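Engineer: Here is how the chains run, residue by residue.
Number of protein chains: 4
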Amino acid sequence: MYALVFHGAGQRAWEQKPRPQIQDATDAVVRITTSTICGTDLHILKGDVPTVTDGRILGHEGVGVVEEAGAGVTGVRKGDKVLISCITSCGTCDFCKKGMYSHCRRGGWILGNTIDGTQAEYVRIPHADNSLYPLAADADEEAMVMLSDILPTGFECGVLNGQVKPGDTVAIVGAGPIGLAALLTAQFYAPAEIVMIDLDENRLRVARSLGGTQTVNSSDGQAVQKVMDLTAGAGVDVAIEAVGIPATFDICQAILAPGGRLANVGVHGKPVELHLERLWAHNVTLTTRLVDTVTTPMLLKLVRAGRLQPKALVTHRFALADVMKAYDTFGNAAKERALKVILQCT
Amino acid sequence: MYALVFHGAGQRAWEQKPRPQIQDATDAVVRITTSTICGTDLHILKGDVPTVTDGRILGHEGVGVVEEAGAGVTGVRKGDKVLISCITSCGTCDFCKKGMYSHCRRGGWILGNTIDGTQAEYVRIPHADNSLYPLAADADEEAMVMLSDILPTGFECGVLNGQVKPGDTVAIVGAGPIGLAALLTAQFYAPAEIVMIDLDENRLRVARSLGGTQTVNSSDGQAVQKVMDLTAGAGVDVAIEAVGIPATFDICQAILAPGGRLANVGVHGKPVELHLERLWAHNVTLTTRLVDTVTTPMLLKLVRAGRLQPKALVTHRFALADVMKAYDTFGNAAKERALKVILQCT
Amino acid sequence: MYALVFHGAGQRAWEQKPRPQIQDATDAVVRITTSTICGTDLHILKGDVPTVTDGRILGHEGVGVVEEAGAGVTGVRKGDKVLISCITSCGTCDFCKKGMYSHCRRGGWILGNTIDGTQAEYVRIPHADNSLYPLAADADEEAMVMLSDILPTGFECGVLNGQVKPGDTVAIVGAGPIGLAALLTAQFYAPAEIVMIDLDENRLRVARSLGGTQTVNSSDGQAVQKVMDLTAGAGVDVAIEAVGIPATFDICQAILAPGGRLANVGVHGKPVELHLERLWAHNVTLTTRLVDTVTTPMLLKLVRAGRLQPKALVTHRFALADVMKAYDTFGNAAKERALKVILQCT
Amino acid sequence: MYALVFHGAGQRAWEQKPRPQIQDATDAVVRITTSTICGTDLHILKGDVPTVTDGRILGHEGVGVVEEAGAGVTGVRKGDKVLISCITSCGTCDFCKKGMYSHCRRGGWILGNTIDGTQAEYVRIPHADNSLYPLAADADEEAMVMLSDILPTGFECGVLNGQVKPGDTVAIVGAGPIGLAALLTAQFYAPAEIVMIDLDENRLRVARSLGGTQTVNSSDGQAVQKVMDLTAGAGVDVAIEAVGIPATFDICQAILAPGGRLANVGVHGKPVELHLERLWAHNVTLTTRLVDTVTTPMLLKLVRAGRLQPKALVTHRFALADVMKAYDTFGNAAKERALKVILQCT
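From first to last, the protein sequence lines are chains P, S, U and L.
The C-terminal position of the first sequence is numbered 346 in the numbering used here, with every residue numbered one higher than the one before it.
The C-terminal position of the second sequence is numbered 346 in the numbering used here, with every residue numbered one higher than the one before it.
The C-terminal position of the third sequence is numbered 346 in the numbering used here, with every residue numbered one higher than the one before it.
The C-terminal position of the fourth sequence is numbered 346 in the numbering used here, with every residue numbered one higher than the one before it.
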């Protein structure tokens, strides 16, 4: 089969690889029909993720059809259309029992990281019963593939950890795919205001169309002041950090009202300075989280009920065989006005 | 009357001041019978708290007898023995309605800060209905005065914010009065282990006698390694920071298990470095809080039921008129083996 | 002034009464500009509420203008437009401190019950600081008066107690004003389905227009079977009882899925049979609640933000002086297609 | 092998049965070393549980040693000492994912019910990875076997569902093994008072020795009045029903304070009358639950840490071969002063 293979920092290739086989009784092999590219894949390509080694097939998002299921798999069978979770969960270890699948002792984020991933014609999924979700045969694959990673990430790490409540004022720093996923799912809780903050006017425009009630262009360095003005000096109840650099974290900590929650979603490469000399008496809560995908069943219900439309995040489509071009587009997101790019393999 | 008066950094005096009077209908004037000194009072004396100005009577803890109550006060009357909360609450503003009395728009921590305090023969208490708690005439005042500040602080900022649960492994960094208050109240939730960390062997000895199951002397700089060894490499579920400096905060962030909670109680004078490059995927929660004293009624119930014995924290007793000496003792806590020093005024 | 006065079962009159005066320092007198009639007022008129005695002015909902405020009132002043809460709260007693204003030791539901109410030109409001909410001078009074009782009741007793969550299947039994208030506010939490159940086709039609996704006419006695069919035999996550008779309670207990929540909102006049022989192992939660109106500030925010439009519940309008006719209309709700009738006094 | 076999109402025998074998890859076969008898076993013998049919081996509690593990079992292996949970959980279905193992679509309470149980020399355990808990080789089996059912039942259905909090007043109706398990575990949350209610003076004496602060003998029909007197008319915050008949349920609903929680643990055979005509405005919560055993890992931690001593509930010991006599003793619990009877098989 063909797959997108990592060969060290800056090196990727669309090349032939052996088709994956069942290794353990709890494995399934899935034929990929729809995949996509994540910002994390770009980080890997820069060489920032040392657990990913030469020869690894990338990708941790996908929808496909079960080609083969191990003897111990009971929830899906050959021919089923399935959603692949970016997080592999054994369902049995202490972390899985607590709903922290991200730290599963036999799984976690391993797809396209420590085992081969989904930007390929086939992928092996360990612990299939707890890592795949059956879909209807006629499910909209482009909508569903948004539930592999991006929607649960925005929702769990941003909205749930930020404890968004009816009437809240929420700020989301970063209007890329993850920030927009937080925007879509924050609306499950009827906040009064959602302020979207980004450097890119196009993304802010998209944010308004998806439910942002206010937008702040932070390119002039005045984001904090603008948010304080918008909130009559009160600050926000929830600040969601969806970028992953000190500057955006700083905006978040500066705009929090007393009692506010700062939910970090971004992947950070260096420490930040936390202003405890001011915040110690401010009654704030700060959270971090690698997505657990525990909310995937609920998100599936809302998509089926028509109350969540994640397809709005799709801007480009490529055949899987053109994945090299798809990376070029996704890698120039601002110029290409790209959010999520779909990889189709039919 | 006489009172302990602040006269700028390093300057304090026991001197005559006018007796306080009712100013608003919701005020009460209380004759102090028992007071005590807080670590914050030492910070003020160092000149670290700019809101405290020359001439201010210090102290925000106390038990006394109502001398006079304003026309709008309905919950207490002349002659009632009362506990004074360190936090003044109007009971009506948006923050009070949410239980965040610490940020009350007409109160908060004002006693011995922006209005005259409790290290005096009499004190005026604004919003008396929501800031005083009636006590039985024969209540043990030394036990009760621990509920003005230190017990709710350890409990709310440390134990509640840390979400201590049955079976948890808890670490408390700092075994001074606040850390020990957290130790006493953490036991309300049946943690499996409570590891106490301090530089002072005497305080660690006290900690063991009050329920600490393990102690770690951090003077060799190896606290993190020792805690990881004690937990078989797992780290702790809850780390309570009860000191207020970067070094102790760093211990806390280094020993957290995935899913752990870091509850900051300490008063910090400078920023800390938060290791988001490691913690972003660690599913942790970090909280800060100025005590709200919302749990005072519950703590009173447990003292009355004999299930909480805060008097264990009292090491020294002075007449209020000897408050200058009491400060000397409390200011040399390690040498004097001092925890809480009682000021008696009968 | 004129007021609607109760004179024993079946007896009401629009007659002259003395204008109310400030009695305690914490009172305010409000000139009513908009009021409305509640289902509870009809119960009173039937003689079902023994605490209401001859001569009582009815009504516990209203918007008005402060005419006079006692010396101890700090939050509102003469001339302010205010929302009157149906629940009077002292803000100081143990129940108020826990957010259970409904059981306030000095208040609770007293307006139009044990003290004179709001279907009058003027009303005295005790504990004004905690029982009135300031409104903008140009606030839409018809929308706001829905927040005196009906919206917080549907939300607190139905939606919050039912723990409605994103993706849930919710059933609401009763599509009168309270059931519709629950319907409007259940949507704050993005349930996947909201099934409305009633005997009246007109009310079901309104329910569909306000966000109900399914409707069940229960007049054929087959409501349980219909709901089980709609949910493929699974039952519902949340059943909200908004009528107050054994038959509707029985529907609720029969349609609950394992793990489900039954939130009772209805005012019951007799016991119900609870099928513990089946439910003991069903992991269900059943709640009751007299509204506390703790969520009124949040509801006000959402109305101001345009995310909640309670005016949709208004079907008829009368001058306050025509309140006798308004009662006739409201008392024949099905025939008149009446939901909330507005009483205007300008 | 030998086993205790049910042969219809009133009929039981200690007889030879074939040794169980692995049937599915996720099964394990366990050699029983310690078992015990549950009140539910007595219900079965009375013929009250129609799912239990002639020929069934009874028993759903046990500690043993893994004799054989299927190919798909990863968490335990031959020779491991294990605790058997009374609830079988597949770990994968929607209910298991929500922590409702009691309603597992492939398990739940099946041991000694719809499949053969643990009062035998060997037992087959389906879904072994999620239904067995590894123990240390030297674990105290008598203490541990209390964690198969009785401790998680008292804790989850009584204490957790009752939301016991520090300072609460708790009443537990029924001081048999389950009520005492609730008593032991209620103390994890530092309630101010625990009132134990029973007909049997011996059980009340035991209750006092295990932490009950007050006892009420209900044999005179005055339990409600006595509890109201003990609480100065306030009622209790939490009432735990641990018997399963209308009379004890009635005590619980009569003694609840406004805002109180009624946690039903008892197995009921008929409906109860719920006094909604009084409780609709009382802001109460009523819960039911078949134990999920989700808290077993936490309870194991507390037993290991020495903070929970469930062995206190053991009153009698028999060899497994004497199980017929053990049933006689347990069936005359009051006369024999029996709580839990241990069955040993070494």
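Take these hints with a grain of salt, some might be off.
Identical copies go unnamed one by one, so any copy, or any two together, can satisfy a pair.
Stated by the list, open to error - No farther apart than 20 Å at their CA atoms in a straight line, the calculated lysine to aspartate or glutamate pairs in the DMTMM-like style are these:
1. K270 x D250
2. K17 x D140
3. K325 x E336
4. K46 x E201
5. K17 x E201
Calculated from the structure, these hints are not laboratory results.
Small disclaimer: the values here were computed from a predicted structure and weren't measured.
Engineer: Against each hint, give a clear statement of whether it holds in the structure.
Structural biologist: Hints and how they fare:
{"no.": "1", "hint": "K270 x D250", "result": "both (13 Å within a copy, 15 Å between copies)"}
{"no.": "2", "hint": "K17 x D140", "result": "neither (29 Å within a copy, 54 Å between copies)"}
{"no.": "3", "hint": "K325 x E336", "result": "within (12 Å within a copy, 66 Å between copies)"}
{"no.": "4", "hint": "K46 x E201", "result": "neither (26 Å within a copy, 50 Å between copies)"}
{"no.": "5", "hint": "K17 x E201", "result": "neither (41 Å within a copy, 62 Å between copies)"}
The structure is inconsistent with the numbered hints 2, 4, 5, although it conforms to all the rest.
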